[in-house]
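Enquirer: One letter stands for each residue in the lines below.
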Amino acid sequence: MINFVLLALLLIVAVGIMRLQDLFAVTMLLSIYGLMSATFFVAMDAVDVAFTEASVGAGISTLLLLVVISFTGRAERKTRHKPYVALFVVTVIGMLLLYGTSDMPYFGSSDAPIHNHVAPRYINDSMREIGVPNIVTSVLASYRAFDTFGEVVVIFTAGIAVLGLLSVSSKALSNSQPLNRPRGLYQQHIVIRIVAKILLPFIFLFALYVQFHGDFGPGGGFQAGVIFAAAFILYAMTFGLDAATAVVKPAVIELIAAVGVLLYGSVGIATLLSGGNFFDYDYLLADPIAGQHLGILLIELGVGLTVTCVMVMICFGFSLRRKAHEQKAVMNISERGPK
Amino acid sequence: MILGLANTWVAIVLMMIGLYIVIAQGNLIKKIIGLTLFQTSVFIFYISMGKVAGGSAPILAQGITEYSNPLPHALILTAIVVGISTTALALSLVVRIKETYGSIEEEEIQAQDES
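Residue numbers (the working numbering), protein chains in the order written: chain A, 95 to 433; chain B, 309 to 423.
Hint data in this document are derived by calculation from the structure and do not stem from the laboratory. Using N, Cα and C, we set each Cβ at its ideal position, and we do this for glycine too. Keep in mind that the hints are not guaranteed to be accurate.
Said to hold, decoys possible - Chain A is faced by these chain B residues, among others (derived, beta-carbon under 7 Å):
1. Ile-320
2. Met-324
3. Ile-325
4. Tyr-328
5. Ile-367
6. Leu-399
7. Ser-400
Go ahead and model the full structure; you've got the sequences and the hints to work with.
Expert: Given below as structure tokens:
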């Protein structure tokens, strides 16, 4: 029953997102939407997915949208034309899709085709073949490691593309005079600063736990990477971008993002060289199960490194660009000068 | 069981709300948010398919005989993180458009292109 309540709430929030004009309110609603869909995933037994959705949907994506809205302004202009055509198209497609559901298997039925193809093998044999209790980790990191490799490369590529679109020369940042504007969050709110300082070590520790406990419980490289990045971005928000870039230079973060993908790929090459197929960890060590454990540990580490660094890289990209803009605006004012 | 397909129907409605936002609303950030809704509806669809009535989370433990399907979980887990990366890419394009055109409203951008 709880899933119907959650789905109804999701629908209400989605309608709210559609109707509201204030982009700040829409972003907050989207964050609530993310958290509620994570709750729905828990109700559907998908604990790993819920973990990821909670940290991505309610955490990182909200932060990114807020940074972008601070660039572009929060008010949405009302469109003049009436959206009848759009309504028509959406209704027709929706009706066709609803018609298509008529021969779908019912929710929860165990004889649905999806449960009778490869899933039984994963559930029955993964303990013997991989030796890891969390089946999602076995599927993600071993049976379908090749897919996951592709996805990590996509994430890395997206990070590179954001960098290419948004990077500002470090010269432009350092040459301008220091800002003389009212400072942000990190200088005004002492309570937030102290609470963040107390929480940060625990968040980092939790991320490490999620990273290395992913074989046994919900967790793994993707979730840990996002949590680690969220903690680092929290640090950057509360103590300022300068403090964050002093801890780790952006160039180092870019390097580690590449090292993560490289580590993942090299495990595949290592399995090839020791006589197996690409990502067939059985051949890594003499004992196949130990080989599987080592392979999963290494590629989850690669995933964690890449995801963390790409997320931090994206956030730094947006924030540095915004800083350069503000400095440019200050310079323009001071160049015109008081007449 | 009349509600046997309710999860799928809700996923379709959410998907259509997302599609409507992408088509009808002129603000580029709102369009990206619409795409996010669209994406999440697919996640909800997949995860609902993976559920087995009476099953448990797919982490092997003693005393549990029935597990939900782990395959959609593994697929969607990675899709979420890929989704946020591509959303970030779209948002950075929006930032560049704002810098060049001074606006993120579709109509104003088109008006500038035509003039």
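Enquirer: With reference to the structure, classify each hint as holding or not holding.
Expert: Hints versus structure:
1. Hint on B:Ile-320 holds. Least Cβ distance to chain A is approximately 5 Å, under the 7 Å limit.
2. Below 7 Å, beta-carbon pairs count as interface contacts, and B:Met-324 has one with chain A at about 4 Å; its hint therefore holds.
3. At a threshold of 7 Å, the smallest CB-CB gap from B:Ile-325 to chain A is about 5 Å, leaving the interface hint in force.
4. A cut of 7 Å between beta carbons decides the hint on B:Tyr-328: the least distance to chain A is about 5 Å, and the hint holds.
5. Annotation: B:Ile-367 was flagged as interfacial toward chain A, and the flag holds, the nearest CB pair being 5 Å apart, inside 7 Å.
6. The interface hint given for B:Leu-399 holds, since its Cβ lies 5 Å from the closest Cβ of chain A, which is under the 7 Å cut-off.
7. Evaluation of the B:Ser-400 hint against chain A yields a held restraint, the C-beta minimum of about 4 Å falling below 7 Å.
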